[in-house]
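Trainee: Below, each chain spelled out in residue letters.
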Amino acid sequence: MSAATEAAQAPPEMRWRVDPFVLLAAPGLLYLAILFALPLALLLLQSFRDADGHFSIAGYIEFFSDPINLAVTWRTFRVAALSTLLCLVLAYPTAFALARARGFVQSFILVAMILPLSVGVIVKAFSWSIVLRSDGIVNSALVFLGIVDQPIRLLFTETALIVGSANVFLPFMVLPIYAVVRQIDPSLSAAAATLGAGPFFRFFRVIVPLTLPGVIAGVAFVFSLAISMYVIPSLIVGERHATLSMLIARSYLFFRDAQLGSTISAILLLIAIAVVLGSSLLLRRFEGTRV
Amino acid sequence: MTTDKTRRGIDRRTLLKTTALGAAATIAMPAVLRAKTKEIVIGCAGSHTAWMEQIVIPNFEKKYDAKVLFEGTKSTVNLEKMRGNRDQPYLSVVQMDDPVMILAVEEGLLTPITPELVPNMTKLRDGAVHMDGMWANYVQPWAGIAYNTNAMDGVESWSALWDPAAKGKIIIPSLQNTEGMWTLFAAAALSTGKPLTEAQYEIDAAFDKLGELKDQVLSVYTVMTQSFNLLEQGEISMLSGQFSSYALTRKAEGAPVDLAAPKETIFAMPSGICMVKDGPNPELATAYINEMLSADLQKEIATYANSLPANTEVTGMSVIPEGTPVFGPDWAFVSKNRKDWIERFDKLMAA
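As they're listed, the protein sequences go chains E and X.
Note that the working numbering has the first sequence beginning at 8, numbered continuously upward.
Note that the working numbering has the second sequence beginning at 58, numbered continuously upward.
Hints were generated in silico from the structure; no laboratory data involved.
Backbone N, C-alpha and C define an ideal beta-carbon position, used for all residues, glycine too.
Hints are not guaranteed to be accurate.
Stated by the list, open to error - Simulated crosslink set (DSSO-like; lysine-lysine; CA at most 30 angstroms straight-line):
id: 1; chain 1: X; residue 1: Lys224; chain 2: X; residue 2: Lys320
id: 2; chain 1: X; residue 1: Lys138; chain 2: X; residue 2: Lys119
id: 3; chain 1: X; residue 1: Lys95; chain 2: X; residue 2: Lys180
id: 4; chain 1: X; residue 1: Lys119; chain 2: E; residue 2: Lys131
id: 5; chain 1: X; residue 1: Lys180; chain 2: X; residue 2: Lys119
id: 6; chain 1: X; residue 1: Lys180; chain 2: E; residue 2: Lys131
id: 7; chain 1: X; residue 1: Lys138; chain 2: E; residue 2: Lys131
id: 8; chain 1: E; residue 1: Lys131; chain 2: X; residue 2: Lys224
id: 9; chain 1: X; residue 1: Lys138; chain 2: X; residue 2: Lys120
id: 10; chain 1: X; residue 1: Lys404; chain 2: E; residue 2: Lys131
As the list claims (entries may be wrong) - Distance ranges between label pairs, derived from CB positions:
id: 11; chain 1: E; residue 1: Arg292; chain 2: X; residue 2: Gln145; range: 49 to 55 angstroms
id: 12; chain 1: X; residue 1: Ile112; chain 2: E; residue 2: Arg263; range: 30 to 36 angstroms
id: 13; chain 1: X; residue 1: Asn142; chain 2: E; residue 2: Asp192; range: 54 to 60 angstroms
id: 14; chain 1: X; residue 1: Ala222; chain 2: E; residue 2: Leu152; range: 28 to 34 angstroms
id: 15; chain 1: E; residue 1: Val213; chain 2: X; residue 2: Lys396; range: 56 to 62 angstroms
id: 16; chain 1: X; residue 1: Glu164; chain 2: E; residue 2: Leu152; range: 55 to 61 angstroms
id: 17; chain 1: X; residue 1: Thr254; chain 2: E; residue 2: Glu165; range: 39 to 45 angstroms
id: 18; chain 1: E; residue 1: Val238; chain 2: X; residue 2: Val383; range: 43 to 49 angstroms
id: 19; chain 1: E; residue 1: Val155; chain 2: X; residue 2: Gly311; range: 30 to 36 angstroms
Could you put together the complete structure from these sequences and hints?
Mentor: Listed below in structure tokens is the structure:
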């Protein structure tokens with residue numbers, strides 16, 4: 008019997024079928040394939056080619072053999088991770104407040120979350136300098152409260168960068184968590200309470216697991232944005248606290264070293280993919296243990 | 058008899074034909090219109106925006122009945138745009154710094170301008186036309202140390218940057234920015250005690266001196282406006298390597314800043330204009346360059362931007378502080394070594 012005949016006689020559920028609704032994603036997928044995946048693949052390939060076009064890993068060796076580059080890589084990761092953590096800490100309760108609020112209050116919180124997205128990063132960076140400078144609001148408050156004797160340096164520090172980037176990326180953490188929280192059935196918590204679960208237990212064993220998909224999505228969004236940010240560190244901390252994105256710009260624009268630029272891009276991408284995939288795997292594993 | 062068309066106003070075939078014609082017209086129309094419009098795209102620095110919009114573009118568009126579009130960014134970004142569009146350039150003219158011009162020439166991205174096409178070339182002062190007409194300087198701002206007038210009365214010497222009293226109140230430009238070179242050369246002169254014509258080649262000594270400056274500086278910038286904003290706010294007292302076209306313009310607008318001319322030297326910013334090889338509308342491009350090198354336009358730009366005009370027919374300008382020497386470095390030497398210097402500088406400042 009030929010393979011074609013076998014396929015024709017196979018039970019309907021074994022035949023390969025395409026849900027027509029999947030085709031709705033085709034334009035978006037095609038767009039991403041042409042404008043994102045293809046150029047990115049070419050960029051990654053370039054990192055393995057020397058100036059003569061031959062296969063080479065010299066770019067990676069050169070990058071990792073310089074301690075400064077390792078320090079910059081670690082700083083980039085650290086800043087992205089801490090920015091993501093700060094966003095999570097701020098966004099988690101906000102998402103609950105947003106989900107439970109009604110009417111004007113809910114609209115107000117939503118607008119407060121989304122409206123800052125329409126303000127450019129450059130405008131924000133200038134406004135942060137007013138807040139964080141030595142006679143700014145934060146330092147004045149610290150001195151007034153007696154926490155410090157004299158103004159401390161806040162501008163051009165890693166702390167300013169983390170606070171600034173969290174400010175920009177906060178909505179990308181709030182909205183995915185909010186989307187999940189608003190679907191949680193409130194009676195689940197009540198049911199747990201009737202079974203004797205205390206508030207602490209109910210929160211960590213019932214509510215938190217249910218919000219994890221939103222948390223993972225938010226972490227993926229914010230970490231990806233934070234690790235690749237270029238304008239924010241350029242404006243807030245300058246060249247003394249360079250990040251990988253700033254090294255990429257320097258490689259292309261000033262050194263005109265496409266291999267080095269694509270090598271750093273590949274490293275940056277790998278870190279982002281590793282963290283995002285790692286988060287997803289953790290979630291699946293966690294969900295697996297719950298079943 | 059009532060047809061399908063008359064009942065509903067339009068039938069399916071007509072609708073399809075009209076849609077197809079409409080789509081074709083939509084796609085084709087901009088190209089057709091562009092072909093008929095006299096239009097050039099200029100690459101320039103972001104800091105040129107004010108005088109480009111207020112002086113150059115209205116003047117040129119009126120005189121030549123043409124449309125001028127401009128993209129203000131860093132010289133190196135302009136270079137990258139030329140490299141990236143080498144086969145189909147969209148920029149006709151670029152205004153950028155001399156050291157980057159040298160790189161553009163080396164990569165074959167420019168076409169020389171000649172007195173036949175650009176008659177005003179012959180009116181420029183000596184040394185303003187480079188590499189057999191590959192580019193020419195038009196107006197040149199001067200550079201010194203910008204300071205906050207509420208914090209200081211002036212800056213006498215480049216050594217003020219190293220004064221312990223100024224610790225944490227200084228920002229310097231990165232060597233990625235052309236104005237970053239001034240701090241490097243000043244460091245070389247202070248370290249060696251030699252005149253700048255010799256000291257500019259003493260780079261090891263310059264970096265040793267910059268190492269002493271490292272703990273003094275609050276930050277190193279590649280985006281100038283944010284740092285200048287901090288100077289105006291009084292968060293820092295000195296901003297090294299600043300140029301007259303921006304600092305003195307801000308002063309005139311009422312900001313509490315001034316530009317000091319340190320006694321050792323001030324520097325001439327290397328502002329050049331060039332024609333992109335195989336760029337669109339070459340006739341319009343040469344006309345634009347000729348206008349930029351003309352006495353009338355240069356006088357207007359130089360007055361607005363507190364800069365030194367290159368056209369010798371412009372007289373009565375006193376934009377350069379009297380009694381202070383003006384230094385123009387060996388840009389070929391800079392261009393040859395800049396990559397190594399940037400790497401060295403970044404490591405020094407990050408360490």
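Trainee: Compare the structure with each hint and give your call.
Mentor: Going down the list of hints, with the structure as the test:
This hinted pair checks out: Lys224/X and Lys320/X have alpha carbons roughly 21 angstroms apart, not beyond 30 angstroms. Of the supplied pair hints, the one linking Lys138/X and Lys119/X holds, its CA atoms being roughly 28 angstroms apart against a limit of 30 angstroms. Simply put, Lys95/X and Lys180/X have alpha-carbon atoms about 27 angstroms apart, close enough for the 30 angstroms limit, and the pair holds. Our distance criterion of 30 angstroms between C-alpha atoms is broken by Lys119/X and Lys131/E, whose separation comes to about 38 angstroms.
Of the supplied pair hints, the one linking Lys180/X and Lys119/X holds, its CA atoms being roughly 24 angstroms apart against a limit of 30 angstroms. Between Lys180/X and Lys131/E, the direct Cα distance comes to roughly 46 angstroms. Violation of the 30 angstroms bound is thereby established for this hinted pair. For the hint pairing Lys138/X with Lys131/E, the CA-to-CA distance comes to about 28 angstroms; that is within 30 angstroms, so the pair holds. About 27 angstroms separates the Cα atoms of Lys131/E and Lys224/X, which keeps this hinted pair within 30 angstroms; it holds.
The hinted pair formed by Lys138/X and Lys120/X meets the criterion: a straight-line CA distance of about 28 angstroms does not exceed 30 angstroms. Annotation: proposed proximity of Lys404/X to Lys131/E holds, straight-line Cα distance about 29 angstroms (limit 30 angstroms). In this structure the hint that Arg292/E and Gln145/X lie 49 to 55 angstroms apart at CB holds, the actual value being about 51 angstroms. A beta carbon spacing of about 33 angstroms between Ile112/X and Arg263/E agrees with the range 30 to 36 angstroms that was offered as a hint.
Here the CB-CB span from Asn142/X to Asp192/E is close to 57 angstroms, well matched to the stated 54 to 60 angstroms. Range check, Ala222/X to Leu152/E: Cβ separation about 29 angstroms, and the 28 to 34 angstroms hint holds. The beta-carbon spacing between Val213/E and Lys396/X, approximately 58 angstroms, falls within the hinted interval of 56 to 62 angstroms. Look at Glu164/X against Leu152/E: about 58 angstroms separates their beta carbons, and that is inside 55 to 61 angstroms.
Against the hinted window of 39 to 45 angstroms, the Cβ-Cβ separation of Thr254/X and Glu165/E comes to about 41 angstroms, which satisfies the hint. The hinted range of 43 to 49 angstroms is not satisfied by Val238/E and Val383/X, whose Cβ atoms lie roughly 35 angstroms apart. The beta-carbon spacing between Val155/E and Gly311/X, approximately 33 angstroms, falls within the hinted interval of 30 to 36 angstroms.
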